[in-house]
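Engineer: All chains, please: the whole structure from these sequences, using the hints.
Protein chains in written order, with the numbering used here: chain W, 1 to 111; chain V, 1 to 113.
Since the hints were derived computationally from the structure, they do not count as laboratory data. As the structure is a computational prediction, the values presented were derived from the model and not from experiment. Every residue gets a Cβ at the ideal spot worked out from N, C-alpha and C, and that includes glycine. Each hint should be verified, as a subset may be incorrect.
Straight-line distance between alpha carbons at most 30 angstroms, and here's what the computed DSS-like set of lysine-lysine pairs gives [stated by the list, open to error]:
| # | chain 1 | residue 1 | chain 2 | residue 2 |
| --- | --- | --- | --- | --- |
| 1 | W | Lys98 | V | Lys18 |
| 2 | W | Lys57 | W | Lys81 |
| 3 | W | Lys81 | V | Lys101 |
| 4 | W | Lys98 | V | Lys101 |
| 5 | V | Lys65 | W | Lys98 |
| 6 | V | Lys65 | W | Lys68 |
| 7 | W | Lys98 | V | Lys71 |
| 8 | W | Lys68 | V | Lys101 |
Every beta carbon over 12 angstroms from chain V, so not counted as near; a handful from chain W, in silico [unchecked claim]:
| # | residue |
| --- | --- |
| 9 | Gln6 |
| 10 | Gln19 |
| 11 | Arg91 |
| 12 | Ala108 |
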Amino acid sequence: GQNIDQPTEMTATEGAIVQINCTYQTSGFNGLFWYQQHAGEAPTFLSYNVLDGLEEKGRFSSFLSRSKGYSYLLLKELQMKDSASYLCAVRDAGNNRKLIWGLGTSLAVNP
Amino acid sequence: EAQVTQNPRYLITVTGKKLTVTCSQNMNHEYMSWYRQDPGLGLRQIYYSMNVEVTDKGDVPEGYKVSRKEKRNFPLILESPSPNQTSLYFCASSLIGAGEKLFFGSGTQLSVL
Chain W
1 GQNIDQPTEM TATEGAIVQI NCTYQTSGFN GLFWYQQHAG EAPTFLSYNV
51 LDGLEEKGRF SSFLSRSKGY SYLLLKELQM KDSASYLCAV RDAGNNRKLI
101 WGLGTSLAVN P
Chain V
1 EAQVTQNPRY LITVTGKKLT VTCSQNMNHE YMSWYRQDPG LGLRQIYYSM
51 NVEVTDKGDV PEGYKVSRKE KRNFPLILES PSPNQTSLYF CASSLIGAGE
101 KLFFGSGTQL SVL
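Structural biologist: This is the structure:
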C-alpha cells in the first residue's frame, strides 16, 4: 500500500535546529515535497527533492534518500513564526499528478 | 499578484441545501484540484482536472461534483450536503510536471448542520 509516516508533534526552542523526518512506502516515486501550513491557513511550498542528497534554501534544507524511502526537513535558527505543521508529500510515478500526503508534523517553537 | 482565489472563507449551511464553493486562479495553470482536510486524516483529494473539460475523481469524490468549463475556474458543488462533509476545503492549482508545486487557495471552512 501507499504510506507516509511523520512524527505527529515536535517541540523545539527558538534559535535551535530541528529535523523533521518522513519515511514513505509507495508503489512508485517521482519526487517528494515539503509544505508548511500555519494553523487555519493554506499549505505553502517549501521544497522539492527528486534526486538523492541535500537541497538547501536559506534556513530550510531538505534531504532525500530514495533507497531508504526517507527524507528530512531541517530548520535552522528557529523562529517563533516557524511554529506550524509540516507536510510531507510523495509524487506517485504511476500517475504523474497523484500526491500522497503525510498527516503532517506539528512543530511548536518555544521561547 | 499570482494567486488562487477561493470563496467563501466560511460557510454554515443545513443538510440538503445545495452549495457551491468557487475557485479561480490567475496563473494559467492547467492542473486544478480540490482537497478536504480533517483532523487525523490529513489532506484528501476530492477531484482534480488536468485541463478544460477534463476532470477525474480523487480519493473521496462521493457527494461532490466539479466542472471545468474555463481554464481559470474550478468550482466545487455539493448537491445535497450532509454533516460528514463538514470540513476545511482547499482548492489548488499548478502547472503540469512532476516537480511543479501546488498553489493553494486560502481555504473554506464548511459546517453542515
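Engineer: All hints, please: hold or fail.
Structural biologist: Taking the hints in turn, this is what the structure says about them:
{"no.": "1", "hint": "Lys98(W) - Lys18(V)", "verdict": "holds, 29 angstroms"}
{"no.": "2", "hint": "Lys57(W) - Lys81(W)", "verdict": "holds, 17 angstroms"}
{"no.": "3", "hint": "Lys81(W) - Lys101(V)", "verdict": "holds, 22 angstroms"}
{"no.": "4", "hint": "Lys98(W) - Lys101(V)", "verdict": "holds, 12 angstroms"}
{"no.": "5", "hint": "Lys65(V) - Lys98(W)", "verdict": "holds, 19 angstroms"}
{"no.": "6", "hint": "Lys65(V) - Lys68(W)", "verdict": "violated, 39 angstroms"}
{"no.": "7", "hint": "Lys98(W) - Lys71(V)", "verdict": "holds, 20 angstroms"}
{"no.": "8", "hint": "Lys68(W) - Lys101(V)", "verdict": "holds, 24 angstroms"}
{"no.": "9", "hint": "Gln6", "verdict": "violated, 10 angstroms"}
{"no.": "10", "hint": "Gln19", "verdict": "holds, 21 angstroms"}
{"no.": "11", "hint": "Arg91", "verdict": "violated, 6 angstroms"}
{"no.": "12", "hint": "Ala108", "verdict": "holds, 17 angstroms"}
Checked against the numbered hints given earlier, this structure breaks hints 6, 9, 11; the rest are met.
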